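Asks: If you read the protein sequences in the order shown, they are chains A and B. Start counting the first sequence at 1; every next residue gets the next number (the UniProt record's numbering). Start counting the second sequence at 1; every next residue gets the next number (the UniProt record's numbering).
Hints listed in this document are in silico derivations from the structure and should not be mistaken for laboratory results.
Which copy? The list can't say, so a pair holds if one copy fits it or any two copies do.
No more than 25 Å apart at the CA atoms, straight line, and that leaves these computed lysine to any residue pairs for SDA-like: (1) K220 to P120; (2) K255 to D72; (3) K244 to D72; (4) K117 to V12; (5) K244 to F233.
Please read these numbers as outputs of a predicted model, since none were measured by experiment.
There are 2 protein chains.
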Amino acid sequence: MIKVVLIGSGNVAQHLIAAFQNAPNSGTEIELIQVYSRQTASVSHLINLEQITNNLDALAEADLYIIAISDDAIEAISSLLPFKNRLVVHTSGSVPLNVLNEDNRKGVFYPLQTFTKNKPVDFKIIPICLESENATDYQLLDKVAKSISEKVFAINSEQRKALHVAAVFVNNFTNHLYQIGQEICQENQVPFEILKPLIAETANKIMVLSPEEAQTGPAKRNDTATIEAHEAFLANENHHEIYKTLTQSIQENGKKL
Amino acid sequence: MIKVVLIGSGNVAQHLIAAFQNAPNSGTEIELIQVYSRQTASVSHLINLEQITNNLDALAEADLYIIAISDDAIEAISSLLPFKNRLVVHTSGSVPLNVLNEDNRKGVFYPLQTFTKNKPVDFKIIPICLESENATDYQLLDKVAKSISEKVFAINSEQRKALHVAAVFVNNFTNHLYQIGQEICQENQVPFEILKPLIAETANKIMVLSPEEAQTGPAKRNDTATIEAHEAFLANENHHEIYKTLTQSIQENGKKL
Numbered sequence: 001m002i003k004v005v006l007i008g009s010g011n012v013a014q015h016l017i018a019a020f021q022n023a024p025n026s027g028t029e030i031e032l033i034q035v036y037s038r039q040t041a042s043v044s045h046l047i048n049l050e051q052i053t054n055n056l057d058a059l060a061e062a063d064l065y066i067i068a069i070s071d072d073a074i075e076a077i078s079s080l081l082p083f084k085n086r087l088v089v090h091t092s093g094s095v096p097l098n099v100l101n102e103d104n105r106k107g108v109f110y111p112l113q114t115f116t117k118n119k120p121v122d123f124k125i126i127p128i129c130l131e132s133e134n135a136t137d138y139q140l141l142d143k144v145a146k147s148i149s150e151k152v153f154a155i156n157s158e159q160r161k162a163l164h165v166a167a168v169f170v171n172n173f174t175n176h177l178y179q180i181g182q183e184i185c186q187e188n189q190v191p192f193e194i195l196k197p198l199i200a201e202t203a204n205k206i207m208v209l210s211p212e213e214a215q216t217g218p219a220k221r222n223d224t225a226t227i228e229a230h231e232a233f234l235a236n237e238n239h240h241e242i243y244k245t246l247t248q249s250i251q252e253n254g255k256k257l
Numbered sequence: 001m002i003k004v005v006l007i008g009s010g011n012v013a014q015h016l017i018a019a020f021q022n023a024p025n026s027g028t029e030i031e032l033i034q035v036y037s038r039q040t041a042s043v044s045h046l047i048n049l050e051q052i053t054n055n056l057d058a059l060a061e062a063d064l065y066i067i068a069i070s071d072d073a074i075e076a077i078s079s080l081l082p083f084k085n086r087l088v089v090h091t092s093g094s095v096p097l098n099v100l101n102e103d104n105r106k107g108v109f110y111p112l113q114t115f116t117k118n119k120p121v122d123f124k125i126i127p128i129c130l131e132s133e134n135a136t137d138y139q140l141l142d143k144v145a146k147s148i149s150e151k152v153f154a155i156n157s158e159q160r161k162a163l164h165v166a167a168v169f170v171n172n173f174t175n176h177l178y179q180i181g182q183e184i185c186q187e188n189q190v191p192f193e194i195l196k197p198l199i200a201e202t203a204n205k206i207m208v209l210s211p212e213e214a215q216t217g218p219a220k221r222n223d224t225a226t227i228e229a230h231e232a233f234l235a236n237e238n239h240h241e242i243y244k245t246l247t248q249s250i251q252e253n254g255k256k257l
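Just chain A, same shape as in the assembly:
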């Protein structure tokens, strides 16, 4: 049996604990034996109290230690681990593998998803991006990842960096466009609810069409009259600038094709 210890108690840590506890082979092939959390209360609804520790010196012996904490604390905590030559991974999209302390074997176990507190996700469909220093460690990570997800990928640090930047565009920036949509609605006394089916369908389309195929709108059509009317309509300087920048970018794309 592969024994796993999880270090952390935030959003990602909590979703990972739930995923390991619910895995079909939990307790037979793979077991989450312990969670390290400075605040016991933040994970006590997910795992038995006796499996939680707030003392790094009390960490159990395990085949894999998963550090699921904020990016800027990974280096520090990895250097405080009281053992050597064990497999230690972090879960971050933007931190290189070699930030982990040299005393242990290093790896990455990066679930690429946006996690919301108290909103359950179906972990089976979440891509997990793995990296390790050697093939044996990779095989172990692969087994652990496949116990909770059907989508496991070997991704090196450079590729992971690219993925993280791409994720900022499709997640953080997209959400910001939703916010601008909401602001425009509010300024004009229109319920934002009206846009929600469009938001859902825009994301749905990408499951079956490429972004190029799915692209529509005045910029794509080079519909100058509508673009000018929209720009005149946007009194908010910031909205106006984003409209111009993204419209130009879509038009430039059109020229390349």
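Since chain A is already given, all that's left is putting chain B on it; use the hints.
Replies: The following block gives chain B in isolation, referenced to the frame of chain A:
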């Protein structure tokens, strides 16, 4: 019974024909009696041949004429209709009501959704935005809209303009961000597939959280180190500029709160 004639055979027209044909009260309370299409073949899979005409002079008498054609042809076709004082509406998000010819009573019947050829949509959840010149016509439009959708809204031309601009942000611009995500993946030999669950969840979140609540990422956290690393990573000048513009906009929002 309310009799409806649909003028047009493109994407929106086809989805509307299917929605009317499948409405529970089709043929009892509301009936799509005729479709005008220059190319019979483009709608003959949706409605009986004898109900299709390519001759404006052969338009049947009806309670409502829905013009579902491209924006720039609405004015012209409305002026060619061979009757007076009937209710004529268009389906466009960006064309004002008064573009329709004065000879008839004017209205708007705007389904706010992105329609893909051959990809069925659940019309029941599509918001339909209605506008008319008088209350009697509004009641008729309301009945017809509610026969195919559960979400019907009274939206005047100014509000509709705002909605259309907002829709460009949450649909056209969001899709363009998906495309940039794909380009970054391709440039770095990472499958775009990995980002699809994130895209789906980003849209899902907005169904339960406000965009402000859902916002995450380096710009929101003012994580300067990550932002600088991402900007250095983005060799593509266009991607780089969009990254900067949207990051600044998210940071400005943070200051306002």
